[in-house]
Amino acid sequence: MQVRDEAEVLKVLVEEIRRAAESEASRIVEEAMRKAGGIIEEAKREAESLRARRLEEVRRRIRAEASKRIAAAKMRLRSEYLSAREEVMRSLLDAAIERALRHMSEGSDLYRRGLVNLVVEAAASIDSTRLVILCNERDKPLLAELAPEIAAEIKARTGRDASVRVADETIRCMGGVIVCDEDGKVYYNNTVEARIESLRRGALTELLRSLSVDV
Amino acid sequence: MGEIDLSVLIEEERRAEELVKRAEARASEILRRARERAKAIVAELSKVDEEEVRRSELERLERLLRELEARYRERIEALKSQVAGRWDEAVNLIVAYLLGVGHAGEGRG
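Heads up: the sequence lines are chains A and B, in that order.
Here the first sequence is numbered in our numbering, starting from 7 and rising by one per residue.
Here the second sequence is numbered in our numbering, starting from 438 and rising by one per residue.
In silico DSS-like pairs for lysine-lysine, Cα to Cα no more than 27 Å straight-line:
1. K161/A / K146/A
2. K50/A / K476/B
3. K17/A / K458/B
Keep in mind the hints are simulated off the structure, nothing from the lab.
Since the model is a prediction, treat every value here as computed from it, not as a measurement.
Sequences and hints are given; from them, build the entire structure.
In structure tokens, the structure reads:
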């Protein structure tokens, strides 16, 4: 009976030792497998990040290499657009100048009204009551005829009593006037050429925008 | 109760230690292989085919340039079309400006 008890106790002890060892061995292996999984995941993240950095570096290098070409292409396109825009505006201006020249050479009512406006507009910016009008040979008689009307219009628009006379000398221009004070020190250039220049400097863009033409 | 045969227990303890040592060796091998695999993964997955990237990047830039070019062409055509559609009005407006019967003057003093 005693021998059997001893054998039973020994068996229990042996099984306990074996179970504990197997449990520890399993824990060690499972822990290693868990760590291994972490190492692989970390490696994937690192690889992804490294790849992204390398890609960006390569792309940056290629963009830098291509930047000159892109800048040149953009400049060419911009230049083509500006040329086309210039061409369109030049065509408009040429057509308008041609039509304006017809009005001027015919001395049309429109031009007569315009001449009065051009002189009054110029007079309004000159602080003098003795104004001299310079114009081309063609417009001299017309302006001489319009002088009283111009003086009245200056009075109406500026409240100033100004004497207006057409100069004996003439200027070379398509039309319009230069108005100056008696001394010729202050003048206002309202010739058609000056107005064409003003259109070229930007007024044409404004005019077209007023027609909702986006230039 | 008589004495337990300790030699059996000692032998079992030895076996248990061996089992744990084998497990530790296996764990060490698992980690060694994982580190090797990690190196291979980093080397493999971080590879960049520079020629392919260059080709695709240049294609992207070409596409951008084509789009930019198309936009400029559209702008030019839109401008021509707008002006053509309001040609007479525009010319009349400019004539009025030139003759002084339109917009406020911009002569120079």
